[in-house]
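Protein chains in written order, with the working numbering: chain A, -2 to 331; chain B, -2 to 331; chain C, -2 to 331.
These are calculated hints, taken from the structure and not from any lab test. Keep in mind that the hints are not guaranteed to be accurate.
[Stated by the list, open to error] Simulated pairs of lysine-lysine, DSS-like, Cα-Cα distance not exceeding 30 Å:
1) 327(C) - 311(A)
2) 259(B) - 304(C)
3) 289(C) - 259(C)
4) 289(A) - 304(A)
5) 289(C) - 304(C)
6) 331(B) - 327(A)
7) 259(B) - 190(A)
8) 190(A) - 289(A)
9) 311(A) - 327(B)
10) 190(C) - 51(A)
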Amino acid sequence: MPISLGELATTFGCELIGDPDVTVNGVASLTNASSESLTFLSSAAYSSQLPSTKAAAVVLRAADADACPVSALISDSPYVMYARMAALVCPAPTFAPGVHATATIAESARVADSAHVAASAVIGDRTTIGENAVVGPGTVIGPDCTIGDNCRFIANVSIVKNVTIGARCLFHPGAVIGSDGFGNAMTPEGWVKVPQVGGVRIGSDVEIGANTSIDCGAIGDTVIEDGVRIDNLVHIAHNVHIGAHTAIAALCGFAGSTTIGKRCMFAGNSGAVNHITVCDDVIVMSQSVLTKDTTTPGVYSSSFPAKPARAWAKQVARFRRLEGLFARVKRLEK
Amino acid sequence: MPISLGELATTFGCELIGDPDVTVNGVASLTNASSESLTFLSSAAYSSQLPSTKAAAVVLRAADADACPVSALISDSPYVMYARMAALVCPAPTFAPGVHATATIAESARVADSAHVAASAVIGDRTTIGENAVVGPGTVIGPDCTIGDNCRFIANVSIVKNVTIGARCLFHPGAVIGSDGFGNAMTPEGWVKVPQVGGVRIGSDVEIGANTSIDCGAIGDTVIEDGVRIDNLVHIAHNVHIGAHTAIAALCGFAGSTTIGKRCMFAGNSGAVNHITVCDDVIVMSQSVLTKDTTTPGVYSSSFPAKPARAWAKQVARFRRLEGLFARVKRLEK
Amino acid sequence: MPISLGELATTFGCELIGDPDVTVNGVASLTNASSESLTFLSSAAYSSQLPSTKAAAVVLRAADADACPVSALISDSPYVMYARMAALVCPAPTFAPGVHATATIAESARVADSAHVAASAVIGDRTTIGENAVVGPGTVIGPDCTIGDNCRFIANVSIVKNVTIGARCLFHPGAVIGSDGFGNAMTPEGWVKVPQVGGVRIGSDVEIGANTSIDCGAIGDTVIEDGVRIDNLVHIAHNVHIGAHTAIAALCGFAGSTTIGKRCMFAGNSGAVNHITVCDDVIVMSQSVLTKDTTTPGVYSSSFPAKPARAWAKQVARFRRLEGLFARVKRLEK
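Using the sequences and the accompanying hints, generate a full structural model.
Written out as structure tokens, the structure is:
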């Protein structure tokens, strides 16, 4: 959407160095920007690309303004400011209210008049869909769910049953919310399923990635607090509790009854096991799994970066011979 | 469903200490239980919650009965007994027989009169659907499949082709059964696809989690035996064979042609590679991958718990300097 | 499809030792083959099964021909030759052109007359579907996508928006292409979503596995070059670039802006992080993650095979005591 630099500066209260009547109509990287692009400089790693940018304007810190060959929008947090401006320049699509002819809505469901229900979507008994919600094509929302205003389910999302979702949440395709937890009791004849009768409660402003699964509680609910961001292919087991504004990258896993604090960050393929409680502001590095209650904020890790395989194999062989090495040192000490 | 303690005790043949006419109408944890709740005490870790429970009745061991302030149902295996009773108190939903107007059934398919086929579901050529089966909304069952009695596909499940499933199996949303195995032959011009012409055979009483994928065999079938339980986001490659009553937690992966025994347990993000055979009763810990034939039952592991990142980095640096340490010890020994 | 050995030999230009009029009508393993089966011997590990095979014919190297009790088709690359012949013997199913009555096609979309659009499929605005493409049941292709000729989407695939796909690509169920990248900017009040405005460009002859997700670019496109093969449950983040003919096994993850060269191979549960660039012809072993720019072709690893848990625990304990061991050796050296 074409928007002038003057309007951007006014809307977001930031200083403009340049012509307020120039308009931007898209976003781009510093190197690929055209004369209609808004771009940004947030990390020093990209400073060298600034002098040659062809953008209409760059969002950047005051200290970088002198090196900017085009208009500059000044912000102490240029990445955040860019994010907000980009949402205005490249607005999310809008959807006409109404229910598509191929969608199926249970008689006892209530769908807000302003909501959009797309082709092949299915909405179950006693479920309510809030104002301006967008239920994308192929999405199934089962019985006894409450969907807040302005939520969007892109396509082929499955909300199983007994799920409550706040406002402005975004669900990417293949996300599954409210599937049965993995509850099984062993007998001599095999496993007996433990009925999973809890629900899922999701706050507002939550985003859930493609093909991520969040199980319902066994008893009581699985809880995702406000502002949580979850990437693709993440597993959240029954009765997990994720604190507000925690961010979880792809392929993470959280075992049953884990409690995670606020503002935590989990890098890809990390997670937590053993029913533990993790305090606020914990960062877990890629491929690293917390196994004990964690009461100190900070960064945690247990991963080894990949190395050339031959060198790695030797290293593993040495690791295996540590017992002998300890014994040899003991012998030497005697 | 309201049910009296007397009926529960009679149905499951366990001793009741308390009033047989009291009814329960739901399940809860010890701490959240109300006067209509059934709950249980299975682990000593929760014993301290017993004296203050407000439940109608607690399933517990005889040794815990004295400390129980409410009615008690006595069992040597309280978790199993609770699971069975909960299935009666909170029965699975029932579905009216019939095919929804928006579902599509191939002419050559045969669907039992007692089966339920939900909105937007699709059933392919020559496929048969057994008695009382429930094909949930958005589920696609492709051609040449045989689905046993009382199976349920919650929603948006994909059964690709040539899949045979026994009775009473449960498939959570996003599960994919019978997708092509990852078979590629390298040529100087790139990969040539190796046709994946096998099927998948699944026994009875199997449960498959959300967004789990089980590939068809390249030649011959991929096999999942009776009573297997598979959690979310698990990958089962072509020609894998999983023995009866094995349980597999989320994010596990099994490479092609792996054979796993009966009653094994794989914790989250574990698995097996290298076409190996694993005997019965093997337990693999989280993040640990079996790489060799395994003939001894027991517990296997190769994971490092996450530690504070600074301490971990030092530890990794020491690990990298092991070669030098071995050399120094050798020098000292001379 | 019945086909004579003579026709196979002629079509693929390979020597036949045996009766050209014998027909094959399926494929099988050496041990399970019947008198109508085509099979192959590629690895010495299976040589012992050759003398007793009941196959109609075996694709094998000239050196193995003498030991073959049935007809032999000679090739220097028997696995590749088998793959090509199997595609003829077991051809992919064909689909009648046309759009199913329950499918939904946007008015502004253009679907080739020869394409097949199955039940409950949905195709969005301004999207074009190429000749002979097969859009399987429940598949959703969003707006502004270009789908090349002869592509096939098996079932329940989600192509979100702004995705360009070449010819002859194959997408397995649950695959999600073009979902938003995981872009969030931290503020004191929580995360602000960074609009993900790029697309995805996929070359020709690409195969994408079940429940794999490929995010759109934040700015600019995520790129998958020709001939790439991706297995199930893989995560490809925004702005990743995967070079031609690279193969990626199940449960791998690639963090944002990773650039991977041509002909690389990633084993299960491996990947790359930190915005790195990886050269051509790199092989990464299972559970191993590249963390730095990689300029040397070859094999990389950082995984520990699972061991009996008790022995492993001792090993980990020794690893934790390495600091002390280094100190003790230093003391001895003084």
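Cross-check of the supplied hints:
1. A hinted pair counts as satisfied when its Cα atoms are at most 30 Å apart, and residue 327(C) with residue 311(A) qualifies at roughly 23 Å.
2. Simply put, residue 259(B) and residue 304(C) have alpha-carbon atoms about 20 Å apart, close enough for the 30 Å limit, and the pair holds.
3. With a C-alpha separation of about 17 Å, the suggested pairing of residue 289(C) with residue 259(C) holds against the 30 Å cut-off.
4. The hinted pair formed by residue 289(A) and residue 304(A) meets the criterion: a straight-line CA distance of about 29 Å does not exceed 30 Å.
5. Note on residue 289(C) and residue 304(C): the hinted pairing holds, with a Cα-Cα distance of about 29 Å set against a maximum of 30 Å.
6. For the hint pairing residue 331(B) with residue 327(A), the CA-to-CA distance comes to about 15 Å; that is within 30 Å, so the pair holds.
7. Under the criterion of a C-alpha separation no larger than 30 Å, the hint pairing residue 259(B) with residue 190(A) is consistent with the structure, at around 18 Å.
8. A distance of roughly 28 Å separates the Cα atoms of residue 190(A) and residue 289(A); the hinted pair therefore holds under the 30 Å criterion.
9. Restraint check for residue 311(A) and residue 327(B): the C-alpha separation of about 17 Å stays at or below 30 Å, so the hint holds.
10. For the hint linking residue 190(C) to residue 51(A), the alpha-carbon distance of about 25 Å falls within 30 Å, and the restraint holds.
Of the numbered hints stated above, none is contradicted by the structure.
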